[in-house]
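**Q** Each chain is listed here by its residues.
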Amino acid sequence: MIDTSAARNEILTKLRGVLADQGITPGEGKAALKPERTYRQSGEPAGSPQVLEMFKDCLEDYDALYVEVDLAEDPQAIEKTLNKMLQDDAIQTAVVPHGLQDSWKEAVSSACTMTVDGPGQRVSNQDLNATNAVVTSSLAGIALTGAIILNNQPDQGRKTCTLLPDYHYIVVNAQRVFHTVPEAVALMCKHPERTYTWSAGPSATADIEMVRVRGVHGPRFLRVIVVKNAPVQED
Amino acid sequence: MSQEQISPMHIQDPVEKQKRIDEIMEQKLKDGIITPEVAAGSWAPSMPVPENPLEWGEPFPKAAKRMIKNKQVRENVERATNTIVTKRNMRAAELPDWQELRMSGEAMKRYVGDNLPDLLVQMEENVKKRGGHVHWARDGKEACKIAAEIYKSHNIDEIVKVKSMVSQEIGFNENLEKEGIKAWETDLAELIVQLADDMPSHIVVPALHRNRTEVRNLFSQRVPSAPEVLSDEPEELAGVARRHLREKFLNCKGAFSGANMMIADSGSLIIFESEGNGRMCTTVPEVLVSIVGIEKIVPTMEDVSIVGQLLGRSATGERMNPYTSVWSGVEEDDGPKEFHLILLDNGRSNILNDTIARQALHCIRCGACINACPVYHVVGGHAYGSVYPGPIGSCITPHLVNDFDHDRPVNTMPYACSLCQACYEACPMHINLPEILVDLRHKITEHNRGHHTDAYSLGMKYTVPIMSSGSKLNFFGSKAKMLRMLAKDGRVKKLPFNAVSGWTDQRDIPAPPKKNFRAWYKEHKQGGQN
Numbered sequence: 001m002i003d004t005s006a007a008r009n010e011i012l013t014k015l016r017g018v019l020a021d022q023g024i025t026p027g028e029g030k031a032a033l034k035p036e037r038t039y040r041q042s043g044e045p046a047g048s049p050q051v052l053e054m055f056k057d058c059l060e061d062y063d064a065l066y067v068e069v070d071l072a073e074d075p076q077a078i079e080k081t082l083n084k085m086l087q088d089d090a091i092q093t094a095v096v097p098h099g100l101q102d103s104w105k106e107a108v109s110s111a112c113t114m115t116v117d118g119p120g121q122r123v124s125n126q127d128l129n130a131t132n133a134v135v136t137s138s139l140a141g142i143a144l145t146g147a148i149i150l151n152n153q154p155d156q157g158r159k160t161c162t163l164l165p166d167y168h169y170i171v172v173n174a175q176r177v178f179h180t181v182p183e184a185v186a187l188m189c190k191h192p193e194r195t196y197t198w199s200a201g202p203s204a205t206a207d208i209e210m211v212r213v214r215g216v217h218g219p220r221f222l223r224v225i226v227v228k229n230a231p232v233q234e235d
Numbered sequence: 001m002s003q004e005q006i007s008p009m010h011i012q013d014p015v016e017k018q019k020r021i022d023e024i025m026e027q028k029l030k031d032g033i034i035t036p037e038v039a040a041g042s043w044a045p046s047m048p049v050p051e052n053p054l055e056w057g058e059p060f061p062k063a064a065k066r067m068i069k070n071k072q073v074r075e076n077v078e079r080a081t082n083t084i085v086t087k088r089n090m091r092a093a094e095l096p097d098w099q100e101l102r103m104s105g106e107a108m109k110r111y112v113g114d115n116l117p118d119l120l121v122q123m124e125e126n127v128k129k130r131g132g133h134v135h136w137a138r139d140g141k142e143a144c145k146i147a148a149e150i151y152k153s154h155n156i157d158e159i160v161k162v163k164s165m166v167s168q169e170i171g172f173n174e175n176l177e178k179e180g181i182k183a184w185e186t187d188l189a190e191l192i193v194q195l196a197d198d199m200p201s202h203i204v205v206p207a208l209h210r211n212r213t214e215v216r217n218l219f220s221q222r223v224p225s226a227p228e229v230l231s232d233e234p235e236e237l238a239g240v241a242r243r244h245l246r247e248k249f250l251n252c253k254g255a256f257s258g259a260n261m262m263i264a265d266s267g268s269l270i271i272f273e274s275e276g277n278g279r280m281c282t283t284v285p286e287v288l289v290s291i292v293g294i295e296k297i298v299p300t301m302e303d304v305s306i307v308g309q310l311l312g313r314s315a316t317g318e319r320m321n322p323y324t325s326v327w328s329g330v331e332e333d334d335g336p337k338e339f340h341l342i343l344l345d346n347g348r349s350n351i352l353n354d355t356i357a358r359q360a361l362h363c364i365r366c367g368a369c370i371n372a373c374p375v376y377h378v379v380g381g382h383a384y385g386s387v388y389p390g391p392i393g394s395c396i397t398p399h400l401v402n403d404f405d406h407d408r409p410v411n412t413m414p415y416a417c418s419l420c421q422a423c424y425e426a427c428p429m430h431i432n433l434p435e436i437l438v439d440l441r442h443k444i445t446e447h448n449r450g451h452h453t454d455a456y457s458l459g460m461k462y463t464v465p466i467m468s469s470g471s472k473l474n475f476f477g478s479k480a481k482m483l484r485m486l487a488k489d490g491r492v493k494k495l496p497f498n499a500v501s502g503w504t505d506q507r508d509i510p511a512p513p514k515k516n517f518r519a520w521y522k523e524h525k526q527g528g529q530n
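As you go down the protein sequences, you meet chains X and U in turn.
Using this note's numbering, the first residue of the first sequence is number 1, and each one after it goes up by one.
Using this note's numbering, the first residue of the second sequence is number 1, and each one after it goes up by one.
Everything labelled a hint here was simulated from the structure, so no lab data went into it.
Just to be clear, a hint being listed does not mean it is correct.
Selected chain U positions facing chain X (in silico; Cβ < 10 Å) [unchecked claim]:
| id | residue |
| --- | --- |
| 1 | A189 |
| 2 | E235 |
| 3 | V304 |
| 4 | A487 |
| 5 | D489 |
Pulled a few chain X residues facing chain U out of the computed Cβ check, cut under 7 Å [stated by the list, open to error]:
| id | residue |
| --- | --- |
| 6 | L12 |
| 7 | L15 |
| 8 | Y39 |
| 9 | R158 |
| 10 | V185 |
| 11 | L187 |
| 12 | K190 |
| 13 | P192 |
| 14 | T195 |
| 15 | T197 |
| 16 | A204 |
| 17 | T205 |
| 18 | M210 |
| 19 | G218 |
| 20 | F221 |
| 21 | N229 |
Model, not experiment: these values are computed from the prediction.
C-beta: ideal position from N, C-alpha, C; glycine also.
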């Protein structure tokens with residue numbers, strides 16, 4: 001059993017000592033004053049046309065495919081779009097998290113061979129590596145940066161599932177597409193102990209001569225379906 | 001280039017492809033983009049792995065002189081840094097609250113410094129609450145030992161590694177190798193550096209000093225799964241890395257990472273990356289060890305808004321890096337089964353002790369200062385002799401080493417600076433790097449005062465009696481006109497004596513006037529006071 005309590009004591013004592021030399025006591029007086037946040041905390045309304053336009057631009061800048069659907073126009077829009085996209089991409093096999101909406105699961109299984117990943121039925125890493133696609137919901141989107149936030153709740157699934165397959169289909173609720181980063185982070189602050197993955201475009205690197213190239217590790221193809229007039233799930 | 005030129009990447013037939021590749025190489029050689037040795041299938045000599053990652057042995061002036069002669073590196077560094085600075089400026093200008101983010105970042109990190117012991121204890125509590133283990137290390141050696149012990153207890157002899165500056169700082173790979181554990185770099189640039197038995201030259205883009213042809217040659221020779229016929233297109237090279245590493249990711253039981261931030265009130269760690277190797281390493285293997293410097297902490301999840309907006313734009317000139325991972329402890333069935341956090345001091349508590357230098361602990365390792373530095377543009381990273389090069393490197397390395405003796409090469413770093421302030425402008429955390437560097441010069445001078453003698457200190461010493469007496473100053477001032485004999489076109493370009501000629505190697509002295517000021521004043525004063 002590794003015991004680093006001696007080092008721990010030494011480091012903490014040293015830190016308290018150097019601060020005391022500067023007249024600072026952690027948690028007291030000046031040190032207790034919370035730092036000011038002067039940056040912008042919000043922007044245009046979430047899911048508004050300007051915000052969605054911004055989101056689209058950022059995603060397309062990253063070569064992600066962006067599709068907007070409206071449930072007020074067609075309540076089956078998500079299912080139809082998913083089905084079509086999977087076929088257009090010639091997807092043979094897809095994995096979905098167990099908490100994905102049933103109708104979406106049907107849309108997937110009618111386009112390709114679908115496997116559900118869930119408690120008691122975990123897909124192995126080797127099998128995930130051989131699977132073409134993964135389909136998930138999401139927590140939120142950030143229009144300013146084109147980022148999509150996933151947690152690992154039942155409708156979004158385990159991290160490995162969104163990491164190994166080459167195609168990732170993400171459904172994003174338009175009302176959860178925020179203009180600014182702080183608005184999306186506020187959602188994370190509700191459950192700070194959870195696991196999160198932010199995806200802002202497919203895997204890329206500019207390590208060779210600063211030339212940005214795609215697809216080192218992680219899905220190379222991102223397909224984003226933004227859904228208007230969908231109910232927002234409170235977490 | 002003519003419009004008919006096809007990229008060799010898209011040519012199917014290997015013979016045709018090789019022909020096209022050879023054509024391109026010939027042209028590049030003619031245009032001076034690659035050197036003959038690179039055209040012949042090799043790469044510019046690597047910097048051998050040193051004993052001390054923070055001090056490679058050469059004083060900066062000597063190393064800089066040598067690096068300036070390396071045409072390939074100069075070409076590569078100039079091109080890369082210009083690209084990245086242009087993008088960074090564009091992305092920073094996009095945000096209406098860029099300055100507010102910088103100030104908020106500075107305020108937040110100042111709070112972190114003032115409350116550091118409490119925040120670390122809080123972090124430890126929360127990591128343990130979520131099923132993780134926490135260890136403390138006073139220095140790099142201790143940290144490496146703890147990591148090795150953890151891996152060995154699981155019979156792990158091969159690990160996959162996410163790029164981590166802290167691991168560079170403590171010679172992690174080399175130390176683990178001594179314990180019989182092989183650490184595979186998975187970041188493309190670090191992989192390139194590792195395969196070439198080289199040292200990194202930048203904290204964000206470690207292989208900045210390599211061009212695509214060198215990388216192609218390297219992969220051809222040292223990656224077993226690389227194809228026979230390989231072009232130097234970055235996309236194709238990235239593909240080679242992808243295939244080579246996928247196998248490692250799926251089979252390695254152990255992994256190593258650093259972290260961009262620890263979040264104290266939830267016990268979370270966050271990694272910002274582009275390639276996905278960070279996600280791979282922190283998700284697939286069973287045992288994950290993370291070594292994080294004690295300063296890399298923020299109080300609360302809300303602070304992700306600050307660093308998350310500043311880092312990507314500053315580091316790579318993009319609005320957001322592709323992948324960001326946040327995890328806390330361990331979870332059933334998702335991510336590693338066992339997680340160990342090693343909190344590392346290694347001199348950071350010394351830096352906190354210094355009222356001017358402690359702002360260096362606010363650094364988020366974006367590299368913007370390095371990219372902005374005109375000196376770096378010319379000499380590249382290897383000239384600094386530390387895994388932390390450029391402005392930030394020159395600030396923290398001497399403090400981490402903490403020995404201001406004149407003979408130590410590390411103490412030439414604060415002088416590798418023209419004080420142009422470009423780094424201060426570029427720093428997203430508003431760190432006053434020039435202030436730290438000037439203060440270091442003061443510290444080094446003070447430390448060596450009285451027991452180090454060179455022409456400069458002697459010259460300064462003998463100037464004191466002259467400068468502290470009006471009559472002596474007047475006497476020598478009236479003699480200064482003798483220098484006019486050495487002047488050409490109104491400038492003294494070379495002083496004759498070895499002891500002082502070095503001064504004029506880089507400077508011209510304007511020829512002194514025929515009359516010194518006191519004499520002139522005396523003359524004109526008598527003529528009336530207008």
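**Q** Which hints from the list above does the structure break, by number from lowest to highest?
**A** 4, 5, 11, 12, 20, 21
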